[in-house]
Amino acid sequence: MPFVNIAILEGHDRDYAQAVADSVNEAAITALDFPADDRYQLIQEYAPHALQLQTRTADRVMLHLVLRSGKTDEQKKAFYRRVTENLAARPGIDPHNVMITMTENNDIDWSFADGKASFLEG
Amino acid sequence: MPFVNIAILEGHDRDYAQAVADSVNEAAITALDFPADDRYQLIQEYAPHALQLQTRTADRVMLHLVLRSGKTDEQKKAFYRRVTENLAARPGIDPHNVMITMTENNDIDWSFADGKASFLEG
Amino acid sequence: MPFVNIAILEGHDRDYAQAVADSVNEAAITALDFPADDRYQLIQEYAPHALQLQTRTADRVMLHLVLRSGKTDEQKKAFYRRVTENLAARPGIDPHNVMITMTENNDIDWSFADGKASFLEG
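Chains as they are written, first to last, in this note's numbering: chain A, 10 to 131; chain B, 10 to 131; chain C, 10 to 131.
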């Protein structure tokens, strides 16, 4: 966990995409207290008209996380702060233009490998 | 809110994509009673074989909305009606070929800007 | 149901994508007990750096299913087993490199066609 969908604008290079992914991952591990080897990310590029964040036209990112229930409000607040700080530092995205939403599920809803319900079947 | 993922077929022009996005947004604001400046949309194009809506081969759209819990069944029904009416009018998609699903989350699960939990930290 | 998002690596041909889609669909219908004509799938291709499954570099797949609440843990476990067995057989993906997560919603949250809440308005 978590399963992270990252929407960025097209036209950037691979280093930009990797910087976004790294910044998001570091924030998830530190603020949401996930294991250091957690990394389940999909990065998708969009044309400007296909990534509509109200009327904002500057560089922007939209994140959707799926995670197990159990994280506290304080942890989620810390994640929002941390991920926007990280993205401002690298690759340099204005915190105003980062939108995040999360949905939760349960232990049974995860299989990380080998066709097992990882939290229940080890 | 809501966070709207829009899947359309490739091969259309940008006006088509914008018409779909506008039609979906208008329905969300009016039927689900969201603020007029709400607009959080990702539009993704798919090859026909990559957008499988049972066996339907005509022009088609699949929508996935993430929204806070609290909307009534009647509001959601009104949204389904309105969005298919809108899409039939512009860009002209048969209501039979519009598939929609929604998942809900909570106040803490949204950050629209500035690294804050928008519904809890203003 | 379910609404299935399938993330695969780019560089494969259409037969590969179709094999993945078929394998996932067969597992959903048999293990999760869905109707034979259920098929609501989006298949998206990603560059290797954009589909990050921990540090795994081999061919890999990430699945996200949205489905109504009500399926049992045993059904979900059976799905995890079945889908990885299917994908190993066709197109030949190591079960270790298949990651799956699910989120649930309710009766009102589905419209399969015609602007109706399909489970409530028939």
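I should point out that these hints are in silico values taken from the structure, not numbers from a laboratory.
Where hints are given, some of them may not hold.
Copies of the same chain are indistinguishable here, so a pair counts whether it falls within one copy or spans any two.
Unchecked claim - Only pairs whose alpha carbons sit at most 25 Å apart, straight line, appear in this in silico SDA-like list of lysine to any residue:
1. LYS125 / SER78
2. LYS86 / GLU19
3. LYS125 / ARG90
4. LYS125 / ALA97
5. LYS125 / GLN63
6. LYS86 / ALA26
7. LYS86 / ASP22
8. LYS125 / ALA67
9. LYS125 / ASP68
10. LYS86 / HIS21
11. LYS125 / GLY20
12. LYS125 / ASP22
13. LYS125 / GLU113
14. LYS86 / ALA97
15. LYS125 / ASN114
16. LYS86 / GLY131
17. LYS86 / ASP24
18. LYS86 / ALA28
19. LYS86 / ALA56
20. LYS86 / GLY20
21. LYS125 / GLN84
22. LYS125 / ARG77
23. LYS86 / ARG99
Hints, verified against the model:
Taking CA atoms no more than 25 Å apart as the test, LYS125 paired with SER78 passes in both settings, with 19 Å inside one copy and 20 Å between copies. Taking identical chains as interchangeable, the C-alpha atoms of LYS86 and GLU19 are never at most 25 Å apart, the minima being 28 Å within one chain and 35 Å between chains. In this homomeric assembly, LYS125 and ARG90 come within 25 Å of each other (Cα to Cα) only across copies, at 6 Å, whereas the closest approach inside a single copy is 34 Å. Taking the shortest alpha-carbon separations for LYS125 and ALA97, only the inter-copy value of 14 Å comes in at or below 25 Å, while the best intra-copy value is 38 Å.
In the homo-oligomer, the alpha carbons of LYS125 and GLN63 lie at most 25 Å apart only across protomers (17 Å), although the nearest pairing inside one protomer, at 40 Å, exceeds that limit. For a Cα distance limit of 25 Å, the shortest separation of LYS86 from ALA26 inside one copy, 24 Å, qualifies, whereas the shortest one across copies, 34 Å, does not. Within a single copy, LYS86 and ASP22 get their C-alpha atoms no closer than 30 Å, and across copies no closer than 40 Å, so neither meets the 25 Å cut-off. With identical chains, the CA atoms of LYS125 and ALA67 are at most 25 Å apart between copies only, with a shortest distance of 19 Å across copies and 42 Å within one.
In this assembly of identical chains, the alpha carbons of LYS125 and ASP68 lie at most 25 Å apart only when taken from different copies (19 Å versus 39 Å within one copy). Taking the shortest alpha-carbon separations for LYS86 and HIS21, neither the intra-copy value of 29 Å nor the inter-copy value of 40 Å comes in at or below 25 Å. Proximity of LYS125 and GLY20 under a CA criterion of 25 Å is satisfied in neither setting, with 38 Å inside one chain copy and 28 Å between copies. For the homomeric pair LYS125 and ASP22, neither the shortest alpha-carbon distance inside one copy (36 Å) nor that between copies (28 Å) is at most 25 Å.
Proximity of LYS125 and GLU113 under a CA criterion of 25 Å is satisfied in both settings, with 20 Å inside one chain copy and 19 Å between copies. Proximity of LYS86 to ALA97 under the C-alpha cut-off of 25 Å is restricted to the intra-copy arrangement: shortest distance 17 Å within a copy versus 40 Å between copies. With identical chains, the CA atoms of LYS125 and ASN114 are at most 25 Å apart both within one copy (17 Å) and between copies (23 Å). In this assembly of identical chains, LYS86 and GLY131 lie within 25 Å of each other by CA distance solely across copies; the values are 12 Å between and 30 Å within a copy.
Proximity of LYS86 to ASP24 under the C-alpha cut-off of 25 Å is found in neither arrangement, the shortest distances being 27 Å within a copy and 38 Å between copies. Taking the shortest Cα distances, LYS86 and ALA28 sit within 25 Å of each other inside one copy (22 Å), while across copies they are farther apart (35 Å). In the homo-oligomer, the alpha carbons of LYS86 and ALA56 never lie at most 25 Å apart, since the shortest distance is 29 Å inside one protomer and 31 Å across protomers. For a Cα distance limit of 25 Å, the shortest separation of LYS86 from GLY20 qualifies neither inside one copy, at 31 Å, nor across copies, at 39 Å.
Taking identical chains as interchangeable, the C-alpha atoms of LYS125 and GLN84 lie at most 25 Å apart only when they sit on different chains, with a minimum of 12 Å there against 28 Å within one chain. Taking the shortest alpha-carbon separations for LYS125 and ARG77, both the intra-copy value of 16 Å and the inter-copy value of 21 Å come in at or below 25 Å. For the identical chains of this complex, LYS86 and ARG99 are intra-copy neighbours only, at 20 Å inside a copy versus 40 Å across copies, given an alpha-carbon limit of 25 Å.
Violated hints, listed in ascending order, are 2, 7, 10, 11, 12, 17, 19, 20; each of the other numbered hints is respected by the structure.
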